[in-house]
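The whole structure should be built from the sequences, with the hints applied where relevant.
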Amino acid sequence: MRRLVLLRWWTIAGQLAAIAFAHWVVGAYLRLAPMLAAVSMLVVFNSVTALHLNRRHSVSSRELFAQLCVDFSALTVLLYFSGGAGNPLASLYLLPIAFAAVILPPPLAWVLALIGVGLYSLLTVYRVPLTVADYLRANALHLFGMWFTYALSALVIVWFLVQMTASIRRRDRELAEAREQALRNERIVALGSLAAGAAHELGTPLGTLAILVEELLDDPATPESQRISLLTMQNELVRCKHSITSLAARAGEARAEGGRPLGLDQWLQECIDAWRRSPRAVAIDLLLEGPRPAPRVLTETTIEQAWRNLLDNAAKASSAPIACHCHWGGQELSMRIRDQGPGFPPEVIAAAGRSFLATGHAGTGIGLFLAFSAIERHGGSLELVNPPEGGAEVHLRLPLERLRAVTPGAPEPGAPQAPSAEPARAASAAHPS
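The opening position of the sequence shown corresponds to residue 1 in this note's numbering, with each subsequent residue numbered one higher.
It is worth saying that the hints were derived from the structure and are not from the lab. Computed from a predicted model, the values in this text were never measured in an experiment. For glycine and all other residues, C-beta sits at the position ideal for the given N, C-alpha and C. Watch out, some of these pointers could steer you wrong.
[As the list claims (entries may be wrong)] If you anchor each label on the Cβ, the simulated ranges turn out as follows:
1) Ile12 x Glu186: 15 to 25 Å
2) Asn54 x Arg170: 19 to 29 Å
3) Asn54 x Ala178: 55 to 65 Å
4) Val162 x Ala140: 31 to 41 Å
5) Gly390 x Ala101: 54 to 64 Å
Laid out in C-alpha cells, this is it:
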C-alpha cells in the first residue's frame, strides 16, 4: 500500500504536468475546472490514505481494490474531458490492472480488469473532444504521447514488480528464519525436558555416591593416597548436586530476580576465574579492552554457561594455551576465543547453531548448540572460523542493551569515558586434572 501511495503522488504530479503542457504549450482547449477538481480530490484521498497507513500496518484486499477503483475513477474523469479513448494517455488504464494482478486475489483482479475494459469502452462513445488549432502539430504530439505512455507504463510496471518481488523474497526469508527459530526452540524445550528428567533420576545415585565417599573418608583404614582422590570426588559430587538443584534457575526466566549488577569487565573476569578452577581448564591468555569504567550489566546465567561451553570446547581441542580477547564499547561486547587444535570440521561450520554436530573433540555438540541459542536469544551472533595459520576461533558479538543495568545516581552506561591506559591481562597455568 505504501508503494501505491508513493506511486499515486508521482501520478498526481504527472497529471498536473500533462494538463499544463496540453493547455499552455500545445494550445489544446481543456475544461480545467472539472479536471483540476478531479486531481484535487485525488490529492485529498491520497493524503487521507497516507495518514491512515501511519496508524495501521495491515491492509485488506478489499481496501486495495477500492484504492485502485479510485485511481480508475480519477483517470476516467481526466480522459473524459480530454478526448476520451482517443487520448494517448488512455493506455494508462493498464497500470492499475497490472498492479491488481500482482497484489489482489484472482476474483478481485478479474473484476477490476472488467471495470477497466468497461470504462475504456464508455470513453469511446462518451467524451469531450480534444480540439487543437494546429492539426499537423497535434498529430505529431499524439504519436509522441503514445510513445511516452508506453515507455512510462513499461518503467512503472517493472519498478513495481521488482519492488513486490523483493518484498516477497524478504518475507519468504523471514518466514524461513522464523521456522528455523521455532525448530531450534523446540529442540531447546526438548533438551529442557530431558534435563529435568535426568536431574530427577540422577539425584538418588549421586546421593548414594556422596554417602559412600563420606564413609570412606571417615574410615581410618583408608590410605592417605586415596584420600586426595576421594576429596576430589567429593568436590565434584557437590558440583553435580549444585548444578542439578540450580537447573531451574539456569533457564534464564528470572534474570531480574537473580542477576547481579556488575561492571562488564568484572563479570568477564569472574567468569574466566570460575572456569579456571574447573578440572577441564587449561592455560588461558585473557585480554580485556574497553572504556573504563565499563558499562554495568545484569549478570545472565545462560550467557555465562555459553562462555563456559565455548572455553570447554577450546580446552578439549588442544592442551595448548587458549587466547581470549574481549573488547567492549558503549553498545556491544565482542569476544574472540582461539585454540591451537585441528580446527572446526566444515560440516560443523555449515550447520553451526542448527543441529547437534560434534566439533570433533569427543563431544556431542550440545554445548555449542546451547551457546548459539543463548547468544542469539539476547540479540547476539556467534561465528566459527578456521584461521589460515591454524587452530580454531570463535567470534562472539553481544549487544549490551538487554543486559544493561542502570543504578540510581550512576552515570549512563556507555557514556564516553577515557580509555584505560593498560588493558587488563591475565594468564594462568593449566589446572591439574
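Going through the hints against the structure:
1. Distance hint for Ile12 and Glu186: a CB-CB separation of about 51 Å, inconsistent with the stated range 15 to 25 Å.
2. A C-beta distance of roughly 21 Å is found between Asn54 and Arg170, which places it inside the suggested range of 19 to 29 Å.
3. For the hinted restraint 55 to 65 Å between Asn54 and Ala178, the CB-CB distance of approximately 26 Å leaves it violated.
4. As the Cβ distance of Val162 to Ala140 is approximately 33 Å, the hint placing it in 31 to 41 Å holds.
5. In this structure the supplied range 54 to 64 Å holds for Gly390 paired with Ala101, their Cβ-Cβ distance being about 57 Å.
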